[in-house]
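Novice: Listed below are the residues making up each chain.
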Amino acid sequence: MIRFDDVSKRYPGGHEALKQVSFELEKGEMAFLTGRSGAGKSTLLKLIMLTEDLNQGQILVSGRNINRLPQRQVPYYRRRIGVVFQDHQLLFDRSVFDNVMLPLQIEGYDRHEAARRVRAALDKVGLLDKEKLNPITLSGGEQQRVGIARAVVNRPQILLADEPTGNLDPELAAEIMVLFEQFNQVGVCMLIASHDLSLITRLKHRMLTLEQGRLIKDEHQPSRRGTSS
Amino acid sequence: MTAKVNTRGNRAGNSRTSQPARQRLSAWLVLHRDCAVDALHRLWQQPASSAMTLTVIAIALLLPALLYVTGKNLSQFDSSLAQANQVTAYLRAEVNDSAVDDLRQRVEAHERVDTVRYISPEQAAADFAEWSGLGDVVESLAQNPLPASLVVQLADTRYETAVQVQDLLRDEPAVDFVQMDQLWLQRLDSFLSLTRRAVVALIVVLSLAVLFITGNTIRTSIASREAEIRVMNLIGATRAFIARPFLYTGLWYGLLGGALAWLLLGLLMLLLGGPGAELLTYYGNQYQVQGMGAAASITLLGGSAALGWLGARLSVSRHFTRF
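Note that the protein sequences, when read in sequence, are chains A and B.
Take 367 as the starting number for the first sequence in my numbering and just add one per residue.
Take 5 as the starting number for the second sequence in my numbering and just add one per residue.
No wet-lab data here; the hints were simulated from the structure.
Just so you know, even glycine gets a beta-carbon here, dropped at the ideal spot from N, CA and C.
Treat each hint with caution, since some may be false.
Unchecked claim - Restricting the straight-line Cα-Cα distance to at most 20 Å, the calculated cross-link-like pairs of lysine to aspartate or glutamate (DMTMM-like) are:
no., chain 1, residue 1, chain 2, residue 2
1, A, 498, B, 180
2, A, 496, A, 547
3, A, 412, A, 390
4, A, 412, B, 232
Said to hold, decoys possible - Derived list of chain B stretches under chain A, where covered just means 3 residues or more per stretch with a C-beta under 8 Å from a C-beta of chain A:
no., stretch
5, 223–235
6, 239–250
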């Protein structure tokens, strides 16, 4: 589903964010991407999102080399990938419902069909009763769940998350992870960047560890429990 | 690996692909309508700054419109005087009647001449006395100072015809001098073509002004909606989709600015129309104060809307950085 072949990324100014990273995620696989801040987790996700260009190597998504995608096709490519951001990137000038509606609006869905899907997504994250509220009135955990609803509303095959639990207390973070596991169970391929080792080692999924831009560990069944750095 | 991305997505069970074309068209229309309404709503939400922008646009558009209307009113004289297709030949005093008769017949035989009317010095004096009310003065003169004349009615209203007949008459020994109404008509004509050029020049210059005003307003609007643009971009909105609200905003600025200019012009016409109409009555009943007219009004509104849209478009292509 997602394949990195010898990928390197250097930012202007010389900082090498990723060095010769190679891995492959299968269809329907769930993996965590971990490492300290600055290890290159966000950069790796940005390369998949095509918000950054790589300097070397290639990235294949669904067998397609995304770095050869013409610029005008990039939006259509992005629609097939759901993204959950640490700061959730919600728009506070509209309701929860309208925030989740946005990806469907962009795709030009019929209004009734879109409304049905928005409600289904909100129901999934347990916020159906808050659809009319402005997201600014919601708690951090609820805002993150609105962000997740928006990421999954057009049923992407791939879901990326960049520190989705970064601002949440452990209990809420665990809830969010449960939600992610549910999406994974219906076949969504997931890559979740997180430095919260105590949480993610408990979940027993594949774990990719980055250190200073290099992929230093790729454990399919991490055995450690509760280790934190 | 397929080189071409299926733009409608290739997910199984995607209802987007299974939506009939009509439904998709209606969704598209709804999208545009919502976008237009939303853009108008946003203008309404910032009444002070919107009003200021609209006023500036309206004033920029008002100037050429005003000049156009002025020219239009002046050209009434042009078209009505074109019907005064007469050439008057004043005859020398010493010319005898038979020579006059001879000349008259020759002129009348000319293919471009309709009729020739002889006005004797006595007749001229009587006409003058009646027209000017200075009958006593004329009578008190020992000698009639007015010459006899031939009033030549031309067959058409073309300037060349008038010149041709004028040249013909001027060469006649019996003719003292020839007067042609077309002469000052020519002056009016060149004045009018000057106004027309001024209108064109003003339209060009002030269109640029409207373009920059909307462009700059849209720039600030893009800056204030940066978060939205960023999010839309991240979740796969096309450039066209992101730009659409701004283009509609530009369109509204142009259209409403044009409408305001039109209203201001109407107001000015109302203020100036009264004295103007009074002035025109001195020149006869056939003149009336004229407004823009339907075609020019539609051009004004359509043109200003197009300018607003174009200004927004330029701003969007300048300020949407790498997406």
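Novice: With reference to the structure, classify each hint as holding or not holding.
Specialist: Structure-based check of each hint:
no., hint, result
1, 498(A) - 180(B), "94 Å, violated"
2, 496(A) - 547(A), "23 Å, violated"
3, 412(A) - 390(A), "16 Å, holds"
4, 412(A) - 232(B), "19 Å, holds"
5, 223–235, "holds (count 4)"
6, 239–250, "holds (count 6)"
Checked against the numbered hints given earlier, the structure breaks hints 1, 2 and satisfies all the rest.
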